[in-house]
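Trainee: What follows is each chain in one-letter form.
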Amino acid sequence: MNDRVLLHGNAGDAALTDSLLAPLWRTPSLWWMLFVVSCAGTVLFVFSIYWTIAKGIGTWGNNIPVAWAFAITDFVWWIGIGHAGTFISAFLLLLNQKWRGSVNRVAEAMTIFALVNAAMFPLLHLGRPWFFYWLAPYPATMGVWPNFKSSLPWDVAAVTTYFTVSLLFWYMGLVPDLASARDRAVSRARKLAYGIFALGWRGSGYQWQRYRIAYVLLAALATPLVISVHSVVSLDFAIAQLPGWHSTIFPPYFVVGAIYSGLAMVLMLLIPLRRAFHFEDVITEAHLDRIAKLMLAMGLMLAYSYAMETFMAWYSGDHFERYTYLFSRPFGPYAVLYWIMTALNVLTPNIFWSRRLRRSTPALFIASFGILIGMWLERFAIIVTSLNRDFLPSSWHFYAPSWVDFGLLAGSIGLFGMLFLLFIRYVPTVALSEVKRLRLELANEAAGEVAGA
Amino acid sequence: MRDRDWPAGSFAAEFADANALVAAVRSLRARGYSGIETYSPMPLPELDATLRFRKSRLPALVFVGGVAGGAISYFIQWYADVYAYPLNLGGRPVNAVTAFIIPTFEGTILGAALVAFFGLWFVLRLPTYWHSVFDLPGFERATVDRYWVAVSGEDARAGAEVTPNELRALGALRVVVLDGAEDAGAAGGVGLEGAR
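Protein sequence lines, in the order shown, are assigned to chains A and B. Be aware that the first sequence starts at -17, since it is given in this note's numbering, and climbs by one per residue. Be aware that the second sequence starts at -16, since it is given in this note's numbering, and climbs by one per residue.
Bear in mind the hints are in silico, worked out from the structure with no lab data behind them. Computed from a prediction, not measured in an experiment: that's the story for all the values here. All C-beta atoms in this analysis are idealised placements derived from N, C-alpha and C, irrespective of residue type, glycine included. Treat each hint with caution, since some may be false.
[What the hints assert, rightly or not] Label-pair ranges, simulated between beta-carbon atoms:
| id | chain 1 | residue 1 | chain 2 | residue 2 | range |
| --- | --- | --- | --- | --- | --- |
| 1 | B | F101 | A | M15 | 36 to 42 Å |
| 2 | B | N71 | A | N332 | 49 to 55 Å |
| 3 | B | P76 | A | Q79 | 41 to 47 Å |
[What the hints assert, rightly or not] Which chain A residues stay away from chain B? Per the calculated CB distances, all over 10 Å, these:
| id | residue |
| --- | --- |
| 4 | L6 |
| 5 | S11 |
| 6 | T24 |
| 7 | S210 |
| 8 | L374 |
Model the full structure from these sequences, guided by the hints.
Mentor: As structure tokens, then:
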């Protein structure tokens, strides 16, 4: 069937390579426009950080009992977005899904940049971020060591490991493509720069054979991390006693939500990218269709999780649990946000039952945008609506964010955009060797023979 | 074979596509050549059996890295919370094995991943910024759309009279002697002009 094709066009491998490397050599004016906007966002981010550090954490809206608010919402949101990259590149590699080759690089880059952003928020939330190294187990003169029975050092371990492994995986995948960029670069400076990062790769049979072993090993190691990172993040909540947090469903529920929001971000990045650089032949409608199907599956699992946690709150018979889930969230001070979140996260993905909408870029783009907002609101609902009305009504307190909270959120999106734009400008955006390999296999299949057999 | 360096007088031949290279390598192997290596812009797993690489030690090293990473992370937690700074938190055991599982798991993955990553570059001896094949004319397309095979000049089967002709008969676009300066055409009778 023609519309399931993963690779269109029949230009030679050289033409394919050049078209995929084109963003490295020429800069469309749209790129500059977006770059200026995202730089402005980054400036806002830096200024908000400066303000937080110079004036103190009191410039944020949070206060007891809502000690966690925007910062941790942003943290969980960014970490969640960072899940789709490794999901697409590692999970799908192990499952031998050939379509991943066209989109994995973008997804991995997105993961790394999302994690950079995510790491900023707990750091700033420390209040005195310059003491972040107190989290590390080192022989301090104070004689104090971190308490590893707390979920917060688990979080540090999980997030730093995930970041490191994602970065190594990304770079290992890049090396052969950097060699292509080196050999295609026109200017000497570019040749030198790509050459240094390509490590002298020459594509010998021995190199490829060992490389494949190491790449699959890294994929196999990264796969459990996809599951573990957000599970560990969810334990920050789940091992606390607070109604709305204290729940065994949290680890899988968080992982599903994370992959869901990550896939939405992948689509929001891929759709303009393939349009701007004419990658439609490589990132085809079949790719978008598959990501949309995954998103639909994740959305349904998430809807199930919402239903289950609400049911369990009622079924537990616990007064406080029932209050949080059945009264505070749907009818409390943040009820509007709760219903917007439910509508966006539960209803939106159902449009992807339609095959036509799975292949419509405007529908995908708008739905992804809605899902990203919905997922941010979900974390806000979990964190703020649980904290602002806990056990004792006398300590209830309404939370409202300050401009610094908004500045940090908007600014982090700006920084993410800036990093991503730099990535598409300087790094091969599509895994060239994998796309060429896919083309060889498709051609040999079409010719009714496997290479050389 | 591993292409640490090519002895002078080795042969390199360029092919236009992957299927031609795979067929050529299999044919060379069938004719008794053993010192063969390929250069390609994509992995060619169908040649694994033909090129006969030694079994990789990387998986074993990665396993050791994982075990070491796990052991080190458990030790750090034990040292901090049991030995150096024990805290009584609600009467729970100081050596809280269940709580320590998570950083231990992360340490295991991290140790294994670091070994997989740096181990690969170690076994490949990368970065190595110069190699004799880089001097081959047109070799820069080996990472784009051309496929090369090199035959060691020390291979018992190889010879300046026979090998270039055999390579050309297998469909090579051109054959070059691997010290880069000389054209095998001098021996085989066809110059570099045939190359595209």
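Trainee: It remains to establish, for every hint, whether it holds in the given structure.
Mentor: Do the hints match the structure? See the list:
1. F101(B) / M15(A): 36 to 42 Å: holds, 41 Å
2. N71(B) / N332(A): 49 to 55 Å: Given about 52 Å between the Cβ atoms, the range holds.
3. P76(B) / Q79(A): 41 to 47 Å: holds, 44 Å
4. L6: At roughly 14 Å from the nearest Cβ of chain B, L6(A) sits farther out than 10 Å, so the non-interface label holds.
5. S11: holds, 28 Å
6. T24: Its Cβ never comes within 10 Å of chain B, the nearest being 30 Å, so this holds.
7. S210: violated, 7 Å
8. L374: Given a closest Cβ separation of 22 Å, the condition holds.
In this structure, only the earlier hint numbered 7 is contradicted, and the remaining ones agree with it.
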